[in-house]
Each structure stands twice: as structure tokens, then as C-alpha cells.
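Student: In case you want the letters, here they are:
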Amino acid sequence: MVSAPVAWAGARALVVAQTGGLSGSEVSEASPVTLQTVLNALAVLVLAYVVARATSAVLNGLADRLTTQRFRVTLLIPVVKVGVYGGAVWLVFRGVFDLSSAQLVAFSGLLGAALGLGLKDLMADLFGGLVLVAERPYRIGDKIAVGEHYGEVTDIGIRSTTLVTPDDTAITVPNYLFFNESIANANDGAAEMLVTVEFYLDPAADVRVARRIVREAMETSQYVYVTDDHPVTVRVTDDLHYRTVTGKAYVDDLRNEFAFETDVTDRALAAFAEHDIRSPRVTPGVPDEAVE
Amino acid sequence: MREVAEDAVPDLPVAALREAGLGAQFDALEEAVGGHLEGERSNVAVVAEPFAGRAGLLAYAEEYLGAAAERRSFDGLVVDPDEAPAPDSEAVVVDGCHYLYTRRVGGFDPLERFIDRVTDSDAMFVTGWNRYAWDYLRATRDVDAAFPVVVRLPALDAGGVRDLIHATYGPDLPAFESTEAFGRVKTLDFERRTLSLTRSVGVEVTVPTLNLSYLTARAEEDVGEVEAVVFERLTRLSEGNPGVAVALWERSVEDGTITPASVEALDRSLDLDDDAGFVLLLVLTNGAVDREVLAAALPEVQVRRSLTFLADRDLVSLSDDIAWVEPTALHPAAEYLRGRRLLW
Chain A
1 MVSAPVAWAG ARALVVAQTG GLSGSEVSEA SPVTLQTVLN ALAVLVLAYV VARATSAVLN
61 GLADRLTTQR FRVTLLIPVV KVGVYGGAVW LVFRGVFDLS SAQLVAFSGL LGAALGLGLK
121 DLMADLFGGL VLVAERPYRI GDKIAVGEHY GEVTDIGIRS TTLVTPDDTA ITVPNYLFFN
181 ESIANANDGA AEMLVTVEFY LDPAADVRVA RRIVREAMET SQYVYVTDDH PVTVRVTDDL
241 HYRTVTGKAY VDDLRNEFAF ETDVTDRALA AFAEHDIRSP RVTPGVPDEA VE
Chain B
293 MREVAEDAVP DLPVAALREA GLGAQFDALE EAVGGHLEGE RSNVAVVAEP FAGRAGLLAY
353 AEEYLGAAAE RRSFDGLVVD PDEAPAPDSE AVVVDGCHYL YTRRVGGFDP LERFIDRVTD
413 SDAMFVTGWN RYAWDYLRAT RDVDAAFPVV VRLPALDAGG VRDLIHATYG PDLPAFESTE
473 AFGRVKTLDF ERRTLSLTRS VGVEVTVPTL NLSYLTARAE EDVGEVEAVV FERLTRLSEG
533 NPGVAVALWE RSVEDGTITP ASVEALDRSL DLDDDAGFVL LLVLTNGAVD REVLAAALPE
593 VQVRRSLTFL ADRDLVSLSD DIAWVEPTAL HPAAEYLRGR RLLW
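Just so you know, the sequences run in chain order A and B. Heads up: the first sequence runs through residues 1 to 292, numbered per my numbering. Heads up: the second sequence runs through residues 293 to 636, numbered per my numbering.
Isolated chain A (complex conformation) (with noise of 0.2 angstroms):
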């Protein structure tokens, strides 16, 4: 890993040396290095911080009150951070150094070539950073799985992206995760979402008030979210031992996605109770005799 101090002293030198060659008007002295200079540079970046910080909680808090809407304020934290934080780093720079517009071009090229060799997956980070803000495979507020990880996006950083599990767990997951995985959108910026519902049956069951039951179960549900572009669908699938009935529907809300699930499913359990659809009884590989 290359040190700071080495890499600004090369980059300087390269610079200079760069620079050498072009007349007096189009190069303009490099201010000497002070305590004042890095003092000014680390004031920027602290105040970049907090701008940031402080436009994301703003921008969260009125995401929050729109409900199904946040999705349309959410998109833009992740454009205000790198606005902010681009804006100063190239404050800094020009404070710092007090570098033409030529030399920072040049002097941002040798320095990226230098860090990149020390810290490349830094640098894959940010460059994922960078391309999530303009591609948006996802967006704040979106529910994701990628790798073993799945949970709702709260934060899209320069560096990392913030999942939030069912369990409450907060995942950062690197950004340059993403040039390599496949990500998988539930929901894609809308606030409702395909939720599925599974429910086995005993091979002797009525199938067609089974399916009657799911279906009526998903659709009087408080959280479903029901039009023509959003159906509710039931299938049914025969395996040798049991039947399986799957009840599709949009919830409302993303975040009512397990409460919609646990609604569905208490509910058609207590009719297939009423109705005498019951479980399938029978374990495969496991005889009978030994079941009973």
C-alpha cells in the first residue's frame, strides 16, 4: 500500500516535471503546503459530511411521510452524496494545490494510478459507487437480494450499499460486489411487491376449495394491493406425496411484506381447518407403521 505522503510527493513531482515544459502564463505556481491550507481542506470535507448527512435525514424523514411515494425523493440521496462529496474533493484539490484545470486533469490521472495500485478495491468500490448512482440497478428503499444477502437498501454510499435484513440486521455490502453478482429486484422502485404464499396439502383434499380459500384469503387481505396489472394468481402443483397451493398477490407496501404473508397464512389455515383440507400426514421415506 502506497503511504499518503508518498503518493502526494510523487504526484506533485510528476506534475511539476508535467509541467516543466509549458510557458509561465499557462502554469500557475503551486501554493505552498501550510497548516492553514490542509486546516481549509479538512474544514471542506467535515462540512461536505455534514451537508451530506443532513440532506440524507431530510431527504429520508420526507421519503417516510410520502408512504408508497418515497421512492421518488430516495433516488436522490445517493446523487446528492456524490454532488457533495465530488464538489469537495475538488474544492480541496484546488485549495491545496491551487492547480489549472490542465494540471488537475493530469495530476487526477497519476494519482488514481497510484493509489490503484495500493488500493484497488477501494478504488472498485467508489468506481461501483459511481456507476450505481447512474445505472440504479436499485434504489434506496428497494428490496434486493444479492449473494446470500437479502434485505431493503436504506443507504447507497460511494463506497458501500446498506441492506437491512427481515432480522433487523444492518449488512454493508461492498459496491464492487456488484460488478460481480447478480442482484435480484423484488420490487424496483414501486412500492408494492410479488409475494408468494405456499401452502401443502394432503393428497385427499378438496384442491378447488383449497384454491378458493387462498385465493379469497390474499384478497381480502388488508395489505393487498390488487389491479389489473397486479393480479391475484393460485397454482397448484401435484408431487407424489402431497399438493402444493401457491397464492401470488402484490402487497401494499414492501414493508408489509411478511405482515401480509403471516395474515394470508393464518387465515387460510383457519378456513382449511373449517373446511377439513388438512396437511399432508404422510413423511416420504418414512413407513407408515413407524408414523403412526
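Hints listed in this document are in silico derivations from the structure and should not be mistaken for laboratory results. No false leads were mixed into what you were given.
Facing chain A, according to a computed beta carbon distance under 8 angstroms, are these residues of chain B, among others: (1) Arg395; (2) Arg396; (3) Val397; (4) Gly398; (5) Phe400; (6) Thr432; (7) Asp566; (8) Phe570; (9) Glu592; (10) Trp636.
Distance windows between CB atoms, simulated: (11) B:Glu375 - A:Thr172: 57 to 63 angstroms; (12) B:Arg630 - A:Ile183: 27 to 33 angstroms; (13) A:Glu274 - B:Thr411: 25 to 31 angstroms; (14) B:Asp604 - A:Ala259: 23 to 29 angstroms; (15) B:Asp606 - A:Leu39: 54 to 60 angstroms; (16) B:Arg333 - A:Asp168: 51 to 57 angstroms; (17) A:Asp206 - B:Thr411: 24 to 30 angstroms; (18) B:Asp606 - A:Ala259: 25 to 31 angstroms; (19) A:Glu274 - B:Glu556: 47 to 53 angstroms.
Computed from a predicted model, the values in this text were never measured in an experiment. The C-beta atom is built at its ideal place from N, Cα and C for all residues, glycine as well.
Position chain B against the provided structure of chain A, taking the given hints into account.
Tutor: Just chain B now, kept in the frame of chain A:
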């Protein structure tokens, strides 16, 4: 039960509804009857918000059909499928069809039985539906397939509201007065709204709204008078709902006068938990519900507690176990439920 809710708003005469600009809806009814007499399948669904004049339109249908029609009405939640009417006449006028279902497993049986009778019969059915219930049933049960003619009651404009008030109350209207105590009348209206700082803390702020008709007027005589401002405000707050406009009007008249400032809407920021939001939805989509019947039908929902909570916040009224949405709370409740995606 329905009478309890409808007492919240005076009866809207048919003539008043026609004066207010709903003549096209009455004509659509007559056209459907004409189609039925020519052998077309012309079952009608009259779809409207609560208090919007649905009862008046159905009363007109019954009168227009004359002796050929029989009238049936559902006043509360129907749980027995056999209660669905089997027609004995050539035409049947049925109001309260939104009471034919309950949001529970097996709760659609009365509705399904009724729809079967509509489609199997040669009689003409003219039915009345709560608009919010209709939208839900159309999405989940395709109920519109049984009714080729759908008559929706539209929102009235300011002129329609004015004509409605004049037709309902006749020439003896209260005096229209301006007031300086609560802002100017002409250019700006001032409304008090509660701005929520946190979930439990709010602050009242005064929000100016422009009187566009005044700003765009060219001559002094074009400027909206106080009367026009009152009706414009009434229309905006009632969202063109005739019954809500009348309810707001009656609440705003004091000592024989009415001012723009006295025309106020329900100003309350709503923040309801899941059960309270769902119960509010059920009251809105049914118009009026019996608390005990609903609690028995939905044991997994805290119905009684939620209704008490809603009544304390003036969103619903409770009387002898019957709950209904107050006319002035109709649109704030609908707006809130729409934001929660409970109304689609």
C-alpha cells in the same frame, strides 16, 4: 342502519341534482331502460361516493320504471347468501349492493349469489354501489362484467354547487358577508392547517391560497363577489360531492350569515395503525357498519378499539353501535387511505 348515516346529510331532491348538472346521469338511466325494453341487456350499476346523490338517482329510476319495478335495499352487512333478492318483477332497483360482501374468507358468497341471479335473470337490475367498494370488487371479482351500463356520479364544479344549494334551499339563502378578521377575501384566502413536526407534536400555520378567479379578472365587475368565493371554497373542500357540500354549507351558516372563513374543512393529520386504517377503510367502503357484526366477521382485527379511536378523532360517528364516516371527514379519510394504498 343506512338511515342513520344518511341523516348526516339532508335528502338531495332529484330536481336539485338535475339543476346541479347531473342531467346526463339521469338521461343515461332512461337510455338504459329504453335499451332493456328493446331486448338489450342493460343492467345498471350506479356508482358514487357516499353522500353524492346515489339514493336520489335510484329513487328516480324506481319512479321512471313505475309499476314494473320492485325496490330492494340492503342496510347492513349481509352474511347469508339467501338474502340476495330473487326478482319477481320485470325490473328490480337494489341499493346498498356494497353490503353484499365482507372482507374475509367466504365473505363473497352473498355477492356471488346475487351476481348469479342478475346474470341468470331476464329482469333489469338497477343497482347502487359505494364507489370505493365498487373499485375493490371490480379489481378482485370483475363485478362490472354483470353490469354493461355503469353510471358514475361526477364531481360538481362551483357553478353546480351553487345551483345545488339554490335548488335545495330555495330563495331564502343566508347573507354572504366578507370578513377582515381572517384575511382578505378577494386575492387570497387564508387557511389554518396543522403542520406535524413529529408524530405527536404539530403547529398551526396559516397557509395562503390564491383566488385565481380574482387574479385573472379584467374588470371590477368580473371580480368574484363574496358569494362566488364562498361557493368556490365550498366546491374545493367538498371536492364537488353534493352531500358533503350541503353538510359543509349547513355547518358554515351562523346566525343567518355565511362567510368564506366559516367554510372550514376537517383539519387533522392522520396517523393510524394497521387495524385502525383497515377499519376506517371498511366504514368508508360500506357507508355504515354495525360494530358488533363487523367485529364478529373479522375476529383478527381490533374492530371495537379501532372504532373508538376513530370516533375520538371525529373521523367516524358512532351511534347505537352503528359507525359511519362524517361527511366532512370523507375526503381527508379517502386521501389518507389512498396514500396508504388501502384505496386503489
